[in-house]
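Colleague: The chain contents come next:
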Amino acid sequence: MADVWTIAEVSGGVLKEISLELLGRARTLADTLGVRLASVALTSHLNEDQVERLAASGADVIYLGQDSTLEPFTVSAHASALMALVAEHSPQIILAGATTYGRTLLPYLAVKLSCGLTADCTDLAIEEGSGNLLQIRPAIGGNIMATIKSPNHRPQMATIRPRSTPLPSLDYSRTCTVCHVPITAAVHNPTHVLGLRPFVGQQRSIEDAEIVVAGGKGLKKRDNFALVEDLASLLGAEVGASRDAVDRGWATYPHQVGLSGKTISPELYIAIGISGAIQHLAGIKTAKRIVAINNDRDANIMAIADYAIIGDLFAIVPLLAKRLQERRKTQ
Amino acid sequence: MHIIVPIKQVPQSSAVKMDPVTGTMIRSGSAATLNPLDLYALETALCLSERSAGSVTALTMGPPSAAQILKEALSMGASRAILLTDRLFGGSDTYATSYALSKAIEHIGSFDLIITGERATDGDTAQVGPGIAAWLDVALVTYVSAINTIVDRTMEVERLTEEGYQAVRLTLPALISVVKEIAIPRLPTLRGKKRAMNTPIEEWDARTIGADIGKIGLKGSPTRVVKIESPKVARTAEVHIASDEDSMKGAVDRLIDIIEEVYHG
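Protein chains in written order, with this note's numbering: chain A, 1 to 331; chain B, 1001 to 1265.
Don't take each hint at face value.
[Said to hold, decoys possible] Here are a few chain B residues that face chain A, going by a calculated C-beta distance under 10 Å: (1) T1125; (2) I1150; (3) D1152; (4) E1156; (5) T1199; (6) V1226.
[As the list claims (entries may be wrong)] Chain A is nowhere near these chain B residues, computed Cβ spacing over 12 Å in every case: (7) A1066; (8) K1071; (9) D1086; (10) G1109; (11) G1123; (12) I1132; (13) P1188; (14) K1193; (15) A1196; (16) N1198; (17) P1200; (18) A1242; (19) V1262.
[What the hints assert, rightly or not] Label-pair restraints from in silico Cβ distances: (20) D1244(B) - T330(A): 40 to 50 Å; (21) M1001(B) - T175(A): 51 to 61 Å; (22) H180(A) - P1200(B): 55 to 65 Å; (23) S1065(B) - H180(A): 51 to 61 Å.
Quick caveat, the hints were computed from the structure, so don't treat them as lab data.
From the three backbone atoms N, C-alpha and C, an ideal C-beta is built for every residue, glycine too.
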């Protein structure tokens, strides 16, 4: 029976968390189908301990392609390596993260392989009887959940929303086969990465953050946005912003949460002075806990908040910061 | 420089309200609009073509009513507008859509650059742009946030990734998808609107573009939607009214407990 594959993401020799999340999710699928689970890593170099992490996270096989042409990522280098691998091994399922990497590579690859692809899934299952992969994703601004399958095309492909599943527990006693994949550099790669300018004042993208503190129009002016930033740094959280706040220049676009910004699933989302336009709510529906601090009891955000403080944010947020600091000191 | 901008008609989300009880979406009527993220693709294309005395072709696939978004593209400054419309295209998934659009682009003939929005706000897949690049076998760079230089057939751009801004050099012809921060979309001018009124929209069907009937519409789509559910997304909030010092303190301390829960898993 054909294997289940996940595509790992590597940065600077180290795996990104999504690589392990994918294995956690795919392990259940492979077990249900009674097949092997493989992780494909295409990179310039993957450290030995990282290979072991893939195995400990559930991979039975690792296809490891190490070549300087594979990092930084370009579509043509990764797609040609994967097309050769798929032709040789014919997996039945390929999963990647719904990241800038997966959402670029997989739609390109799906056309080259003449296969179906479902974007940004938050759940997966195997259909009883047929063994088809059921791909479940939020659609129309997160207001409906659609279940999608590709009954007649193999491999079945999907990108999976980061943080939509917990990291698997590591089991270093697992055995795993590492297959080194020969890489033939493309004759002509039309894209070439020149360098990376990291974000200033932002450690991680908001999609990866466990806690996001976000601010909106209720903050009234740019200077007040510091309330959001200060609280975020106190909590080790990332800063989010409503479209209003970004349009007013209080925060930059990478921080925008919502339909025309980022869709995020943090453990905790704290919305400060955000009324909750439908486009904004669509971006946070899968957050585990939503806290709203707002002076309007009837604001849209209340419909999806788990905890709300109705009052003056200019008094509440500073008090929250102060009490947090006090509590830290006594611990 | 000839730039093609594939655009999409989407439901107007500003005409949508939340049902406070069920947390589901209430659509008032069926107002449709140009995908807001496509405005950034159009703006980028218009700026580039103005710099190089080029031209911009707007292309969409959809029902006859999608002509309206092409008029909008024309009034912003596009010089040509093509509507790909045919019942045979109905039910196309992203694979079949990217095939049909790529066949239309081949039918248009030569181009230097294709620019798409980051994704459409209804389907939210971001799959059609990369799919078109695959069908046409051209360079693909996604999430472009700035175009730095264009010299002959070489472009240098920046793309927005999880780690930061990545600088990429690419050789034309190419397809790029752009993010919001690349430009501020212009508003249609009166002159533009007049020109849009006088510019005919070219209507093409599956036969015009020589599409393989087996690759378009529902029949040509590998994916099938098997179930649609409206999950009840409304949550019941624990509400604290912070009207005086004591109630505010109580509310804040309870919030700190919630934060602690997150830290301690």
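Colleague: Next, verify each hint and record whether it holds.
Modeller: Outcome of the hint check:
1. T1125: holds (4 Å)
2. I1150: Violated: closest Cβ of chain A sits about 14 Å from I1150(B), beyond 10 Å.
3. D1152: Violated - the Cβ of D1152(B) stays beyond 10 Å from chain A, reaching only about 14 Å at its closest.
4. E1156: holds (7 Å)
5. T1199: violated (28 Å)
6. V1226: holds (5 Å)
7. A1066: Label holds. Min Cβ-Cβ 18 Å, cutoff 12 Å.
8. K1071: holds (22 Å)
9. D1086: With a cut-off of 12 Å, D1086(B) remains clear of chain A, as the shortest Cβ separation is near 21 Å.
10. G1109: holds (20 Å)
11. G1123: At roughly 7 Å from the nearest Cβ of chain A, G1123(B) sits no farther out than 12 Å, so the non-interface label is violated.
12. I1132: violated (8 Å)
13. P1188: For P1188(B), whose nearest Cβ neighbour in chain A is about 20 Å away, the distance exceeds 12 Å, so it holds.
14. K1193: holds (25 Å)
15. A1196: holds (25 Å)
16. N1198: holds (32 Å)
17. P1200: Non-interface label stands for P1200(B): nearest chain A Cβ at 32 Å, farther than 12 Å.
18. A1242: Contrary to the label, A1242(B) does not stay out of reach of chain A, its closest Cβ about 3 Å off (not over 12 Å).
19. V1262: Per Cβ check, V1262(B) is inside 12 Å of chain A; nearest 5 Å; violated.
20. D1244(B) - T330(A): 40 to 50 Å: violated (25 Å)
21. M1001(B) - T175(A): 51 to 61 Å: Because 56 Å falls inside the window, the suggested range holds.
22. H180(A) - P1200(B): 55 to 65 Å: Roughly 58 Å apart at Cβ, these two residues keep to the hinted range, so it holds.
23. S1065(B) - H180(A): 51 to 61 Å: holds (54 Å)
Hint violations for this structure: numbers 2, 3, 5, 11, 12, 18, 19 and 20, all remaining hints satisfied.
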